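Q: Sequence:
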Amino acid sequence: MASLVPFLLLLALLPCTIAQPSPGYFPSRRFRPAAFGQFYSNLWGPQHQRLSQDQSALTIWLDKSSGSGFKSLNSYRNGYFSAFVKLQAGYTAGVNTAFYLSNNQQYPGYHDEIDIEFLGTIPGEPYTLQTNVYVRGSGDGKLIGREMRFHLWFDPTTDYHHYALLWNPDEIIFYVDDIPIRRYENKVDGTFPNREMWMYGSIWDASDWATDNGKYRADYQYQPFIARFKNFEVGGCTTDSSTDCRPVPASPTGSTLSDQQYQAMLWAQKNSMTYYYCQDSSKDRSLYPEC
1 MASLVPFLLL LALLPCTIAQ PSPGYFPSRR FRPAAFGQFY SNLWGPQHQR
51 LSQDQSALTI WLDKSSGSGF KSLNSYRNGY FSAFVKLQAG YTAGVNTAFY
101 LSNNQQYPGY HDEIDIEFLG TIPGEPYTLQ TNVYVRGSGD GKLIGREMRF
151 HLWFDPTTDY HHYALLWNPD EIIFYVDDIP IRRYENKVDG TFPNREMWMY
201 GSIWDASDWA TDNGKYRADY QYQPFIARFK NFEVGGCTTD SSTDCRPVPA
251 SPTGSTLSDQ QYQAMLWAQK NSMTYYYCQD SSKDRSLYPE C
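Position one of the sequence shown corresponds to residue 1 (full-length UniProt numbering), numbered consecutively onward.
These are calculated hints, taken from the structure and not from any lab test.
If you're wondering where the values come from, they're calculated on a predicted model, not measured in any experiment.
Hints should not be assumed to be uniformly reliable.
Below are the DSBU-like pairs computed for lysine-lysine, each with C-alpha atoms no more than 30 Å apart in a straight line [claimed, not checked]:
hint	residue 1	residue 2
1	64	230
2	270	86
3	187	270
4	270	283
Produce the entire structure from the sequences given, and follow the hints as far as they go.
A: Below, the structure is given as structure tokens:
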């Protein structure tokens, strides 16, 4: 028995891992990955982008001179958008790596946006995955963000993981490895984006707010800051699609989440969510009628 004591002590010191539940339904399996150029093109910082030979993988980076961004070739009225992403380890404070829908170029000062943002960090602290929804200018000037943030149940710097947005007329769902981590419903008029949007990706310096509200800023002695994307998937209806085009379903039944998906979402929020705007008592609740 005495010989078991050191072994049991060692087990107690090992880091705990959280078993990821199965959502039972995998939207990512509905689509085949396509070459970057089939859906996207460079938007800015071309000298800070590198495509693999087969165009399945894109590396973008930020240094003191510039960041980089890309944009979908088409605009969409609904859709499913995903990629595998791998982030940089070490000191990345102030760096924002984003994968998001927006129409800010079409409606400057009055735009809609649906965000997946990876907020950089300092060594020893986890990345923050921030999800957000802006509606009709609420991200311009008078900020009315609808943030939900997570510390993921894995290290996003050690391997690629799958991140996705599903946007249809009824709901927005954010996925990590096919686990729905957040569902934002179309519940109240004026709180849901319903105009055409383009899909974007970028890496940029958000030192003023990204890491502990600007406490830690980008430090360019650690440059370049690198983000890797691969296996892009897009499905849904472009703005020019016929009226016969149907949105990508959120579940096997085609509407809302299945019970198993819903339980997986509750698991993700219980174990990984660090902030939810509807639970923030400092917010003016009149600005968030959906809460």
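Q: All hints are to be evaluated individually against the structure, with a verdict given for each.
A: Outcome of the hint check:
With a C-alpha separation of about 25 Å, the suggested pairing of residue 64 with residue 230 holds against the 30 Å cut-off. In summary, the hint linking residue 270 to residue 86 is supported, as the alpha carbons are separated by about 24 Å, within the 30 Å threshold. About 23 Å separates the Cα atoms of residue 187 and residue 270, which keeps this hinted pair within 30 Å; it holds. For a cut-off of 30 Å, the pair hint linking residue 270 to residue 283 stands: about 22 Å separates their Cα positions.
Hint check: no violations occur; every hint is consistent with the structure.
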